[in-house]
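*Asks:* Here is how the chains run, residue by residue.
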Amino acid sequence: MNVSIVPALRVLKPAALICAALLVGVVVGYWANAAFLPGTAPEQPIAFSHKVHAADNEIPCQYCHTQADNSISAGVPSVAKCVGCHNEVSTERPQIRRLLDYWNNQEPIPWIKVHDLPDFVHFTHKRHVLADIECQTCHGPVETMDRIQLTSRAMGGGVQHSSWQMGLCLDCHKQHEVENGLDCWTCHK
Amino acid sequence: MPHIDRREFLKLVGAGSVGAGAGFVLRESIKHPTEYLIPHVVAPEDYSTGVATWYNSVCSMCAAGCGISVRIREGRAKKIEGNPSHPVNQGRLCALGQSGLHALYNPDRLTGPMQQTAVRGSGAFEQITWEEGLSKVAGRLDLLTAAGRGNRVCLLSQGVRGHLAQLFEQFMGQMGSERLLYYDFDHPHTLYAANQRFFGEQYLPYYDLKNSRFLLSFGADFLGGWISPVHHSLGYGDSRQGRPYVRGRFIQIEPRMSLSGAAADEWIAARPGTEGFLALGLAHHIVSGGLYRGTDRDSWEAVLADYTVDETAARTGVAAETITSLAESFFNTSHSLAIGAGNHTNGTDTLVAVNALNYLAGNLGRVGGVIFNPAPAAGTVSHRHQASYRTMLDLAEDARQGNIEVLIINGTNPVFNLPLAAAFREALEKIPLIVSLSSFMDETTALADVVLPSHTYLESWGDDFPEPGVGFTTGAVSQPVVTPLYNTRATGDIILGLAQQSGLGDAIPWASMEERLKEGWRRIYERSDPDTGMDGFEEFWMSVVRAGVWGETTRRALGFTLDPAVIDSIGMQPPEFSGSGDDYPFILHPYLSTTLHDGRAANLPWMQELPDPLTSVVYGSWVEINPATARQMNLTEGDLVDIESPHGQIRAPVFVFPAIMPDVVAMPIGQGHSEYGRYAKDRGANPIQILGPQLEPYTGGLATSATRVKIVATGRRVELVKTGGNTRELGRNIVPTAAATTSGGYNAQLNSIPIKVIST
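Taken in sequence, the protein lines are chains G and R.
Sequence positions in the first sequence follow numbering that gives the first Met the number 0 and run 0 to 188.
Sequence positions in the second sequence follow numbering that gives the first Met the number 0 and run 0 to 759.
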């Protein structure tokens, strides 16, 4: 007696097609989210432009990020620091008015964090800055950005859709032959 | 191309859409949640974000007075370590000291002043302002002082030293009250009394463990909770391993193996309360055996005549040959040292006997023995005001008579730390106004009418002059290392506030504790060596605050002369116990928990979670029973038993513990809180509750090991939470071992149990 699975498959075909459509849908939906809502350049409470400050007016990074060479974190300038200049400079622009509103209310500006490492990574700005690593190496061409966004030179300067990966650290550590640079506990401690 | 009909097409489009939606949501859900970078409005001047600053201060978790360095980041305390410059702890710190962070950040801290709104103990409190709270109390104080009844005010505090103690004295003195009392359960009353009697010293001496070559400890758990654990641990370590070619010998005598006993070369179990007899037996052999050749030999021989080796062996259960060999090696080793803890009704006599042993072996006033401390540079020694059990009974009686109208409680918890037999809780009911300055809702604070919560020590100014000292004059300033978390105030500032509001402001004029402290230290500066190279007081003050410690190298001259009259006062009375041996066959040996101390640390999760070093039990109480006894009573680990004394009963699971005498049961102190926050409440049992009111006659202190109990099985079982699987090595040869030396008597009974002693 010949046994064929064809009849059984024929019954399954519509279900298989539906599954395939569902799967394609998932991929498309995921991609669409990633392409159109990457979340790597969120709208900030004040439309602060690094381009205007760092490129047009040539303010060095560490003028505002004062702690980059002595702390693990580069430091976000205090509201007072912003107001230090903007008491005099461009006080009538709408974005500066927003800044002055925060200052008058003595409230901090809730900047949205773009450059973030997981909590299990111990990264220190101090060591990297003191080793003369340029800020742009990790943060991308910040001086060209009107709105800060997550980029990576490792990705050809383009938008990187995920956050930083370990390969970025390791490539650089290898390239510079960092002492203990490939040990786990250098970063994970 | 397969044929797709309309229905099929719609199905596929539907499936695709659902899929697309699911994919979209999927990515949305795995995105990082939005994080914010919140800047300062105005950058603080004293720190950079991400950079740690270390501030020196003083630990207040127990009475030892260690120096601490606290790591601060972004204005928050992150880690507490020992201050390397402080002579007491020399950079080390015990687990209790490190868990000070859990006191600071404890979720059950009192966050502001409150008053009781319903009956006492109901837990119904309402928030009030500081002004309301202070004026409510100050009004009452003012009335009493004006009427000349200031003595009806009692300030009952934990032991404090330094300028806070002076402030307390000034405050109470101005009010005309003599009722300034400190109550600490673990205060060594008998040690002070014995030293006063034998040496004529009112301060504790410095026990130079570091340079000793033979340490004989009569029940002093100096590695666990005895007076200054970190310093003595350091000295012990140096004695054992700090010198080339010399390893100090160490023998511990106690009925239940403590942490120190476990570290000893030899552990000897003398019958509970006979430690003093053993000391005198050793002394007898030293004198009558012809070892001691001092001019006062005849007086010693006379006073020790009854304490012959055979008599001592019969009384203590320690074999005669052990006594003679101990006496000989104690006498013949240069730099020997005997220490002890007197927890029985003959505690003072026991410690006098220990001192006598030190005298005969020539250990007094010499390096490697007992070195006498200079008087503290400022403030008072807390012992002067320490309330013995008898004093607390008097206080309770006064309260019952209506002679106490205001009770101010600071940091001590007598409702928990006194036996039920004292009926202290009931006495409190009769006091019209109870004020608590505690940072936590402990059992005593729960009965308060007004709660004026103090800062933790990490938030307040203070200073300390360690007791026992380290052989030379030393002191330390305790600075606030963080901004206060809540609406609390420093104890000193509360007292100053009360003084100002109750019309004592002229005599107590300081605006803050910091000011009071600086004035006190200005006096120390003026008295101190002018050649310190300091340019004025401000520089001196800043350097002391920054270093966290100050000291002068002046020591007292070595040597010791005995007042011959002391010799005649030497003698031992047999220990007395609460409860008859027939009804209550076991002697209860409550001991200070290595982790929870006297119960004050029960609200600290780290301390609850830290395994007890000998049993590895966490988060609970247990009662230690000898394996032979347990076998006889058909008990195994985890069996719930009632521990009954003539004065009460508590319930705890059995822990079968090989290193305890068969007729002794032991329980750690610290658990059994009915208040004191979520981590402490309703956990384990409090053995202090059932202690009999046995007094040590010279000090009036509670003889904590003088209660007999019986053990009644309940038939129920619980699983003991512990980290160790087995107390035995099980032939795994993990450590090189030698068989324990045993000494006959009770120890012979232990002989059947293969205890292994680690020998390194």
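Since the hints were derived computationally from the structure, they do not count as laboratory data.
Any given hint could turn out to be false.
Listing some non-contacts, in silico: residues in chain R with all C-beta distances to chain G over 10 angstroms [said to hold, decoys possible]:
hint, residue
1, Lys10
2, Ala19
3, Tyr104
4, Ser121
5, Ser134
6, Gln165
7, Asp237
8, Arg296
9, Arg727
Just some of the chain R residues that point at chain G, by a computed CB distance under 10 angstroms [as the list claims (entries may be wrong)]:
hint, residue
10, Gly18
11, Leu25
12, His31
13, Ile37
14, Gly49
15, Ala262
16, Ile566
17, Ser568
18, Ser615
Computed cross-link-like contacts, DSS-like style, restricted to lysine-lysine with a CA-CA straight-line distance of at most 25 angstroms [what the hints assert, rightly or not]:
hint, chain 1, residue 1, chain 2, residue 2
19, R, Lys429, G, Lys188
20, G, Lys50, G, Lys12
21, G, Lys112, G, Lys80
22, G, Lys112, G, Lys173
23, G, Lys50, G, Lys80
24, G, Lys112, R, Lys30
25, G, Lys188, R, Lys78
26, G, Lys12, R, Lys721
27, G, Lys125, R, Lys10
28, G, Lys80, G, Lys12
29, G, Lys125, R, Lys78
30, R, Lys135, R, Lys429
A virtual CB, placed ideally from N, CA and C, is assigned to each residue, including glycine.
*Asks:* Which of the numbered hints above does this structure break?
*Replies:* 1, 2, 15, 16, 17, 18, 19, 20, 22, 26, 27 and 28
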